Amino acid sequence: MSPAPGGSTTTWQQNGGDGQEPITAAAIAAQVGGVLIGDGSVLVQGIAPLDRAGAQHLSFLAHPRYAASFADSAAGVVLVTPAYAEQPGRPTTRIVVEKPIDALVGLLARFHRREPRAEGVHATAVVAPSARLGAGVTLDAHAVVGDDVVLGDGCWIGAGAVVGAGSVLGRDVRLYPNAVVYPFTELGDRVVLHAGAQAGREGFGFVPRPDGVARIPHIGRCVLEHDVELGANSCVDRGSVDDTIIGAGTKIDSLVHIAHNVRVGRFCFFASQVGVAGSARIGDGVQLGGQVGVGGHLTVGARAQLGGQAGVIGDVPAGETWSGYPARPHKEQLRAQAALARLVKLIRPLERLVRGDSA
Amino acid sequence: MSPAPGGSTTTWQQNGGDGQEPITAAAIAAQVGGVLIGDGSVLVQGIAPLDRAGAQHLSFLAHPRYAASFADSAAGVVLVTPAYAEQPGRPTTRIVVEKPIDALVGLLARFHRREPRAEGVHATAVVAPSARLGAGVTLDAHAVVGDDVVLGDGCWIGAGAVVGAGSVLGRDVRLYPNAVVYPFTELGDRVVLHAGAQAGREGFGFVPRPDGVARIPHIGRCVLEHDVELGANSCVDRGSVDDTIIGAGTKIDSLVHIAHNVRVGRFCFFASQVGVAGSARIGDGVQLGGQVGVGGHLTVGARAQLGGQAGVIGDVPAGETWSGYPARPHKEQLRAQAALARLVKLIRPLERLVRGDSA
Amino acid sequence: MSPAPGGSTTTWQQNGGDGQEPITAAAIAAQVGGVLIGDGSVLVQGIAPLDRAGAQHLSFLAHPRYAASFADSAAGVVLVTPAYAEQPGRPTTRIVVEKPIDALVGLLARFHRREPRAEGVHATAVVAPSARLGAGVTLDAHAVVGDDVVLGDGCWIGAGAVVGAGSVLGRDVRLYPNAVVYPFTELGDRVVLHAGAQAGREGFGFVPRPDGVARIPHIGRCVLEHDVELGANSCVDRGSVDDTIIGAGTKIDSLVHIAHNVRVGRFCFFASQVGVAGSARIGDGVQLGGQVGVGGHLTVGARAQLGGQAGVIGDVPAGETWSGYPARPHKEQLRAQAALARLVKLIRPLERLVRGDSA
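Residue numbers (the working numbering), protein chains in the order written: chain A, 1132 to 1490; chain B, 1132 to 1490; chain C, 1132 to 1490.
One should not assume that every hint holds.
Given that identical chains are not distinguished, each listed pair holds provided it fits within a single copy or across any two copies.
As the list claims (entries may be wrong) - Straight-line C-alpha distance at most 20 Å; calculated SDA-like pairs for lysine to any residue:
(1) Lys1230 x Arg1263
(2) Lys1230 x Pro1341
(3) Lys1230 x Ala1240
(4) Lys1476 x Pro1213
(5) Lys1476 x Glu1152
(6) Lys1476 x Ala1214
The hints are simulated quantities; they were obtained by calculation from the structure and are not laboratory data.
Keep in mind that this is a model prediction, so the values were computed, not measured.
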């Protein structure tokens, strides 16, 4: 097996794909609608980046950053933009396409080994008699489906995943192993919850009591609209009074927390470890970098972009790019950081100036 | 079902409660001890915020921020403070109370649909013969209870949750699905672990060895005192030599990490994604905002408050409010940020001044 | 049980170890190769820090920070460095060693109560017929092992843990309860995944489509080399085209996310809640503090150290210590923070200076 023995130096192994049937460069060109340059009979058995590809690999040049790697690459075939069709470089068999990444994505599917899927309900799964399962549903080992749950056609509930009572899942929902859907949660079609991800927990709301605090009962819903994806161990709480809603097509990476009453628009991207506090409003098409935090009751306008680790403590206007803590327009952030760096050399003479030493 | 079809514009659906029996405004006023203004026969079927409430909803006005929404709200009944009793606005049926949020909490319970709870031990649960289960314990499907575990009366162990050998749980402890209690952990009465939460892992401690590093065996305990709540996927490590202890009544949100040997006082609130490094001391009543990080061996004094994303690299005095990185008193933080913003316009002339250009 | 009743003041209980057989100070000195000072017949029943130790406890003095605690400690026996052999203080029985922490680690094992381990495959575990299990493998209750999985000798798969199809695990791999290994993942010998940890998820990669976005099929591998440890609820994604590899001996704490195509070197330490974005390169021996974020496609050189919450937005040279956001050399960071603090008092006079008021 590949993990290197403890005593040797680091060698980062590679493996361009999962070893499916080989395919010729000419067939690839035909499939992606590209123009073939060079030897169309070259056989491709996998995909790899330029600097690690061998003669049996397809690679790609999608960014000037990798032009140097292209010059030296041992790749058998390379997908390139028209700008690089005549670029000097070792790979002589090239397929020219407008968008190499898009072409690559179509090809990746060909080299992608899918997880085997069993049919039907595993003998160890536990399904409440009142649950309603659509056609073609798969329940893997130890999956649990509670009272009155509705699973749409084609749902696939992974090993150890739990769907709480009264939850309604659309068609082709995929729960990976040990994901948890709390009771009374609503998931649209093709929603994906990765391993350990959770939706529908009662949010973090308490009121003071003479003897401590009391939990606020949560009656708001938790809705993940169509095509929402929730990364591994990410958590979306249900609403307290209002609802928590993640808009259709929004993709959320791992270890993200979305608090109660938050509304997230459509087609957003949240990188890993993002946190959105209670009752925040995130518009359509918003992109949040890794570890971004959005404060409670704030609004992030549509298509706004927030750099990694940004700490949002006020509303962010639509379409703007903000960063840093406290988050502000990225250009302001850069100017402030630059001014601070320049201040370091000035601070002592400035103190003298203000004291009048230099007067 | 509610998740909108992919092609339409975003429509944030709503649902004010779970559809329990309707109740009149007069009955609500009586229940909360409020003064009824308007038509006491109005029927309430759910609860919703002012801007989304309809004629069948109870709503509430608890903050001047929402006064404008109140003016236009279609809510059938609104809980208001005495200050808003005569406030102009559409809702004519009002219930006047000192604390609308407190009144609301009592009412939420009425509209709250509880998760169904089965009695006893599910056929698929696995319980060690040496485990001792109190009266009224529920073990859901695939729950696992290890050797010598003690479960107090009324404990509810969710589907797939695991209680490791030798752990002792008090009364009415609730483990949500797939939560994990490592061996030899102690949980007080009414402790809650949400889905995927964990307590008692051996902490992150290693010592160098000629051939790498060796793990430090952890013999300290992990104790969650009475009424502690741990959010989804949060993790509390056991101590190495000392113990890790979370004080009674402390509430911790999701995706939080508490490292080994940490002592957390009573009645603290930690928002999601907080991290507390090893051997830190957190006093009673401390409030940590989302994504706050507290460095190892530091002390945060009682009732201190830390703003979201604060990075604590030194001790924080009791009762103070700090923020930012590095964390400092919040007012200093604001002054520093303001000074930096003003510096941006000054930096060039200041450089000229120091160089003597303007002399 | 120890959790204090709700009404009393906070009392942090303690328990120095798990109550194994007592041992004399003389026997401890012999075991650690130390020089005994004082009464060798003192019996030790547990281990505790200086300020909480009693007469039955062994304690240790490893840092000048704790010299004051040493003076007052009630510990029966203390491990000290030669520098403290003659230090004034209550503990009169001392064992002098060069490295008290190292000595302690060896002793901790003696007081460490191990989790009981069952033999063989639990009746409720589900194992695919095509899976190959080595000698001495333990599968706990409800563990799931997929098609064609290979488990090396001595693997221990905890309750509810899931090993996806085609994954290959080396010898003595330990999966704690509810850990998830996605299909086609490779784990070296002695790899540890704590509860809820995950390896091999397809990373967060999408391409735009006319009707939204499409997931990029991931064909890269996810490899955790020998002796890698992954903390509770941490997540490592598989590569898209390239591989994700965690180098041998690297230890990762809880709630960490490693994105697709990342390469982490050997013998690194990542504290909890670290996030490493896609295609980053982390050299050997790198230490990342808690909540550090490393941006995509960046390089952190070998043996670099990053302070807690550092936000890395550019390459970090080998061997350097950086901190803050944006991350920069720690000394520069300190100078910038100091200059900013001093600026606060200067900003108003400086504005006057620049305006010419003081001219």
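Results of checking the hints against the structure:
Within a single copy, Lys1230 and Arg1263 get their C-alpha atoms no closer than 44 Å, and across copies no closer than 43 Å, so neither meets the 20 Å cut-off. When the C-alpha separation of Lys1230 and Pro1341 is checked against a cutoff of 20 Å, the pair qualifies only between copies, where the shortest distance is 15 Å, while the shortest distance within a copy is 64 Å. Only within a single protomer do Lys1230 and Ala1240 lie at most 20 Å apart by alpha-carbon distance; the minimum there is 17 Å, versus 55 Å between protomers. Proximity of Lys1476 and Pro1213 under a CA criterion of 20 Å is satisfied in neither setting, with 48 Å inside one chain copy and 45 Å between copies.
Taking CA atoms no more than 20 Å apart as the test, Lys1476 paired with Glu1152 passes in neither setting, with 63 Å inside one copy and 63 Å between copies. Proximity of Lys1476 to Ala1214 under the C-alpha cut-off of 20 Å is found in neither arrangement, the shortest distances being 45 Å within a copy and 42 Å between copies.
Consistency with the previously given hints fails for numbers 1, 4, 5, 6, ordered from lowest to highest.
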